[in-house]
Structure formats: C-alpha cells, structure tokens
Amino acid sequence: MRNKAGDEKDKRAQQNGGRKQLTNALAGERKYHMPIQEAIRKYIVENFLFGDATGLQDDDPLREKGIIDSTGVLELISFLESHFSIVIEDLEIIPENLDTIARMSAFVKAKQEGKPVKHWEMEPQQEDIHA
Amino acid sequence: MRKPSMHQVFNAEQTSAELERWIRSSIQQRLKKRGAVVGLSGGIDSSVVASLCCRALGPQRVVGIAMPEKDSSPESLTLARRLAQQLNIELAIEDLTPALEGLGAYHRRDAAVRRIFPDYREGQGFKITLQSRPLESNTLNVFQITRVDEQGGEESVRLNYADYAQIVAASNMKQRLRMTTLYFHAEQRNYAVAGTGNKNEIQLGFFVKYGDGGSDLAPIGHLYKSQIFQLAEFLRIPGEIISRKPTTDTYPAEVTQEDFFFRVAFSTLDAIWEEMENGRDAETIAQRLQLSPQQAQRVMNDIKQKHTNTQYLRLPPLTFPPPAPEGRDEEQSG
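Protein sequence lines, in the order shown, are assigned to chains L and E.
Per my numbering, the very first residue in the first sequence carries number 10; after that it's consecutive.
Per my numbering, the very first residue in the second sequence carries number 3; after that it's consecutive.
Hints should not be assumed to be uniformly reliable.
As the list claims (entries may be wrong) - Covered stretches of chain L (in silico footprint by chain E; criterion: 3 or more residues with CB under 8 Å from a CB of chain E, positions within the stretch not fixed):
1) 81-87
2) 121-127
Claimed, not checked - Straight-line C-alpha distance at most 20 Å; calculated EDC-like pairs for lysine to aspartate or glutamate:
3) E/Lys308 <-> L/Asp61
4) L/Lys127 <-> L/Glu105
5) E/Lys306 <-> L/Asp69
Quick caveat, the hints were computed from the structure, so don't treat them as lab data.
Cβ coordinates follow ideal geometry from the N, Cα and C atoms, glycine included.
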C-alpha cells in the first residue's frame, strides 16, 4: 500500500481544517473558555441523548452502555478534531482514549499540551490456523 | 478433549433436504406464491439459494435476476450466467446504471469522494474498508476510504462522519434498487423473493435495510459463511464461484467482505462465534483455537458490538404501543 506516510499528517491536518465546517452540535456556539470535560459532556448529551443527561456519569463506558455506536464514534472523532483543533491519529482511536467522557477529556488535554497519549501496538500476528 | 469442529458436525446433505422442504412449504403454504426470484451476483450465497430453490420448486419455478451496474465486476455477470445455465433456470439481466444515474447515486457519492480527494475523477477506483483488525488490535471500528490508481497504488484516508454517511447513503441506493427490481419480477409472476443473506451478514448487520435485507424468505440466514461453503460443495456449485473471494461489488475498486466489514477470516470468526454461542469464555476459546486470550476476547467483543450496534437494522417498523415483554428486551439491547 502506498500510504504516503510522510504526507499523511499534513493531509490529515488539511482535512481537519475542512471538517471545521461540518456539522456538530456546538459549532455555532464554540466556547473556548468552557472546560474540556464540560464541552465533551455537553456535546454527548445534546447529540446522542437529545438533551437528557439523566444518569450519565463521566466514567460511564459509552459504547458498552449503548450511548454511542460505530457511527457515533465517527461523529465523536469529527467533533473532537474540529472543536478542539486537534488531529487524532489512527493508532489513537482506542477505548482507552475515547470510551468515557473522562478518558476523552484527558486525551484531548494531553493532545493540546503535546504530551504523549495512549496508542495501540500491534501484537505479533498469529497464523490463521483455520484458513 | 477437543470439541469436533464445525466442519465435522455440519451435515450439508441433511441441511439441504431440510431447507428444500422448508422453502417449498413456505412459498406454497405461507406466502401463497408460485415460485421464487433470486438476485444472482455470481457469488456463493446467491448461487446456493438459487440451487436450493431449484431443488425445492423445480427449475421452471425459479428465475435468476442479474443486476449489473457500471461499478460491477464483469465477472459477476459471467458467473451468474454460468450458474443459471447449470441450474437450467431463466435469467433476466437488468442494467441498473441508468436508474442509478437518475437517482443521483453516483453523483451524490462522488461529490463526497471529491471532498476527500479533490482531483478524484469519475471512473477512478476507490473502496471503503474498516480499519480495525480485532485479531491484532483493540482499535475502534472506523472506516477509511482507499483510492486505487491505474498502477494499483493505494492511498488511504480515515473518513469523517459527514463524508462516510453520504458515501454510504448514496451507495445503499444500489441495494435498494436491486430489491425494487427483484420485486418487479416477483410480482409480475406472483413469485416470492428469496433473500441471500447469511448469518454473518444478518446478525452482524452487514446488509442494507430494505435493500438486500428486503425479501420474503431468507433460506440461509441461519448459516455461518463456513457452513455455506460446505453446502455449496454438496450442491455442486461451480468451482470458480466457490473459490471467488466474497466481495461487496458495490464500490468502483473491488473490496472483499473481509476487508470492508468483518476484518477476520470467516473460518476464524465463525469458529469463535460458535464457541461463544456454546457458552465458552475467552480463555477456553483461545485454548481451543490456538489464539491468545486477548485475541479471542477482542473478536468476541467485536461480534457483540456489531450485533448490538446494528439491532435497528433487524427490527420491523416500530409501532405503538411497544410490544411487551419479548419486544422490550430487543429494543433495550439495541
């Protein structure tokens, strides 16, 4: 695969710029002073729960609780990238960074501060014994 | 002691006989129809369903419909013709390209592709695939678009939600138009539409609601893909159809179902799934299938997630008041 690894980040950054125009619940009222965790929570409550935050905890596993599905993950990534002006790398799209509001908040904060974040490392691939 | 594998337990001859009786009684007694219409893609699933229908109803009561459009592989039509010839059934060929153009399917889809690749030209190859590989990593399921140039070089970019949704919504017009076309031929003859979805597709949500999911009966909807391969051998489906890699035949560049959605070889996926259904935990499954417990657990999680995430695809239109108590479980788990 000619994946143009060197250019990938620049292209993603360009795309991210384009994505800022895309739909997200807070696009029209972006508040940079709003704490990260609060902004993420507000987006999730408005976008996925139709404004009803009853019982939602910041450490609830959102996929396990059925609040977001795979399409929701895509929406969430678009929101985080455009609202917080960050670029999320493919290797960072893991439950440890994105599964709860608290984890997302810590992840965004680390990205903004240029600190290392969790990412997956490929395990050695085993032979497909059933093929 | 190792449990016998699915290959040893599954009895293709007996399954075929049971399904033939079921197809015959379902179409004649429950649906009150005179025969069956099957969309032929040149793939193994539709070939098996057409063959079962022939054995159940006789070839004179089965019609195959091939529905090529401009992104289809030419091989699909060639193999559909070969199967129809072998089964001695009528084959109708419907080119869906003009209707899809009229619906704006290509135009709407390509507009989204050009937001990602501004120099994308109509007719260039591209495909959509899932990035995650549950056997190797715990990354979440997100889609990427891959452009394929004339030399076979590939360039991949992760899709954002808006572009993904537009490409999928426009592409799903193909499956829904195929359904519309099948029902034209079915109603014209007072026949039933026999669906070609298998257990992997239906239970994990790899189908289009009211598209390929729209049919009167689903004869292989309870069978793992691995079992369908065995059934195909028993039914003497042409070898080139059995050995053909299952593809979506939806995007301009060919993409296998494994790359597009399942992300694990069918043989491994089905073996883990069957063990799960038998109540085995990740440790036991890993030991039986020579995987690491983490690998087994990740594939199990992926199966559960895909099933849960796509619950709505399998639901009929919801009516008020909600059914209770059986329906409540279904809706709450979705």
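Okay, the hints, checked on the actual structure:
Counting residues of the segment 81-87 of chain L whose CB falls under 8 Å from any CB of chain E gives 5; the rule of at least 3 is met. Residues of the segment 121-127 of chain L lying with their CB closer than 8 Å to a CB of chain E number 0, which falls below the three-residue condition for coverage. For the given pair, E/Lys308 sits about 25 Å from L/Asp61 by alpha-carbon distance, which is inconsistent with the 20 Å threshold. For the proposed pair L/Lys127 and L/Glu105, the alpha carbon gap of about 7 Å is at most 20 Å, so the pair holds.
This hinted pair checks out: E/Lys306 and L/Asp69 have alpha carbons roughly 18 Å apart, not beyond 20 Å.
Consistency note: the structure conflicts with the earlier hints numbered 2, 3.
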